[in-house]
Amino acid sequence: MLRRTLALLTLLALPTQVSAGEEVIAGLSQNRVAITATFVGSEILIFGAVKRESPPPGTGDLNVVVVVEGPSHPVTVRRKEKRYGIWINTDAVKVDQAPSFYAIATSAPFEQAISETEDLRHHISIPRSVRLVGEAGTAPDIESFSQAVIRIRSASGLYKLEEGAVEVQQDTLFNTSVTLPSNLTEGEYTARIFLTRQGAIVSEFETQIEVQKVGLERWIFNLAHERPLVYGILSLVIAIAAGWTASAAFRLLLRS
Amino acid sequence: MQIYLPIAEVSVNAFLLLGLGGLVGILSGMFGVGGGFLMTPLLFFIGIPPAVAVATEANQIVASSFSGVLAHFKRKTVDLRMGLVLLVGGLFGAALGVQLFNALKAIGQVDLLVKLSYVIFLSIIGSLMFVESMRAILKTRGGAAVPTRRKHTWIHNLPFKMKFRTSGLYISVIPPLIVGVFVGILAAIMGVGGGFIMVPAMIYLLGMPTKVVVGTSLFQIIFVTAFTTLMHATTNYTVDMGLAVLLLVGGVIGAQIGARIGVKLKAEQLRILLAIMVLAVCAKLGLDLLLEPAELYELGAGGH
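Residue numbers (the numbering used here), protein chains in the order written: chain A, 172 to 427; chain B, -18 to 285.
These aren't lab readings, by the way, just hints derived from the structure by calculation. Incorrect hints may appear among the rest.
[To be verified] So these bits of chain A aren't anywhere near chain B, every CB distance computed over 12 angstroms:
1) L216
2) F218
3) P298
4) E333
5) T361
6) H396
7) S406
8) R422
[Said to hold, decoys possible] One-sided excerpt, in silico: chain A residues whose CB lies under 7 angstroms from chain B:
9) I215
10) A220
11) R250
12) A395
Yeah, the Cβ is synthetic: ideal placement off N, Cα and C, and Gly gets one too.
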């Protein structure tokens, strides 16, 4: 139902589209990612098809752009400068909008898969999704701070653009996989799938992925933040017990 | 085996942590030092955020000193009265240290504070130890001379005198209080027990008999680091239980092995080895501050 409405809205929004009548339908291998103690990352398969009422129009190549985005938190970016002979943090800028995770997979080179206008409108490319909204910095060259966010997160595998990673079969079926690294932030992730023709978005599909710490990890994290005193005492008790047990066990091992 | 640490929010190899704990444990067993001042910088090197490393290390020290202090209680080598005076100072110092830590954290300078403190202390301790053990090696070759201790210093003229029976001392409470405060600040900022400062201070400054020094300092360290752990846990949420337990298990076993190796080796040569290691860690930390980092920018959580 929702999908229909969405498609309808898309149709209304783009009344001049030649290729109207094409709709993207997609599914994910999992809608929940559990961060456990042994979490080493996860791979999500995204697959789907293009639904048509009529035969495909022959205009332009059909492309698929898949975007998986993590929750956005403000980030304070600090820059080091040499002061008194050592490198210390000086300027700081608050980047209000920076997704904790951002992966783009396309079926063709990015510029070819989606036009500049559509990118601007839907905030698809990485530089478009890291934004400085408010004025919250001390440095004159604020741009370089948001670039630093992109650079640092790309280096740690949190931001990535994989051109050609979406496989499209016979202009109808497509599939790709997005690897979530082990250093994930928990929260609600969104997966957006765009169907484009000649760089213009024809249809859009959106779904959520829940990323959560579970079990012991969840419990420890909650306790530490909600009842810190209890947590502190508990960590002391556990550490003392563990230390004492380990030494007792080792002594026993030596004696036998 | 990768393990996800819930508070540090990083994935680390569990065996690496056990190994690190074991390695530092062996060293601390061999040399009879706490090992906090080696462990915390090593945790920085493997990518644990400094704030988490410091708080968690405080937690670990409580546990690793626990069995030690029990043994000293059994042997009656703890000067409880002196321990309590040191403790009062220590708690005050730790509270002060955590305040400073949090204030600098808010302006993004806490990493600098921690690393700078380490560079300063490791360089002083490392070079003192190096020089002293070099001298000891030379001395054993050329006949030993027994150092004489001064009997009366300005310290004995301060007010608020108190009787410390176990130590056989009648001195002012001001010097032990100051020593306590200083050690407390170090515990909060650096995640160390501070034994390496307190033990020499107790022997040379306060003139305590050597046999009660270790037990008394351990007694003070346990309560000060426990307090520090609670302060960090309640204000910064940076104590990682999982990390502490892994380091501890490795550390406790390592310490037992180290103690057995230690008795078989010559003390001066051991000391020089430790001194070199301390200086190496210090040099690495120092170079990180002096050389231009590859990435000038750094991401911090949230805004202020």
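Hints, verified against the model:
1. L216: 22 angstroms, holds
2. F218: Its Cβ never comes within 12 angstroms of chain B, the nearest being 28 angstroms, so this holds.
3. P298: 16 angstroms, holds
4. E333: Per Cβ check, E333(A) is outside 12 angstroms of chain B; nearest 22 angstroms; holds.
5. T361: The claim stands: T361(A) keeps its Cβ more than 12 angstroms from every Cβ of chain B (closest is about 21 angstroms).
6. H396: For H396(A), whose nearest Cβ neighbour in chain B is about 6 angstroms away, the distance does not exceed 12 angstroms, so it is violated.
7. S406: The claim is violated: S406(A) sits with its nearest Cβ about 4 angstroms from chain B, within 12 angstroms.
8. R422: At about 7 angstroms from chain B, R422(A) fails to clear the 12 angstroms cut-off, so the statement is violated.
9. I215: Violated - the Cβ of I215(A) stays beyond 7 angstroms from chain B, reaching only about 18 angstroms at its closest.
10. A220: 35 angstroms, violated
11. R250: 5 angstroms, holds
12. A395: 5 angstroms, holds
The structure shown violates the earlier hints numbered 6, 7, 8, 9, 10.
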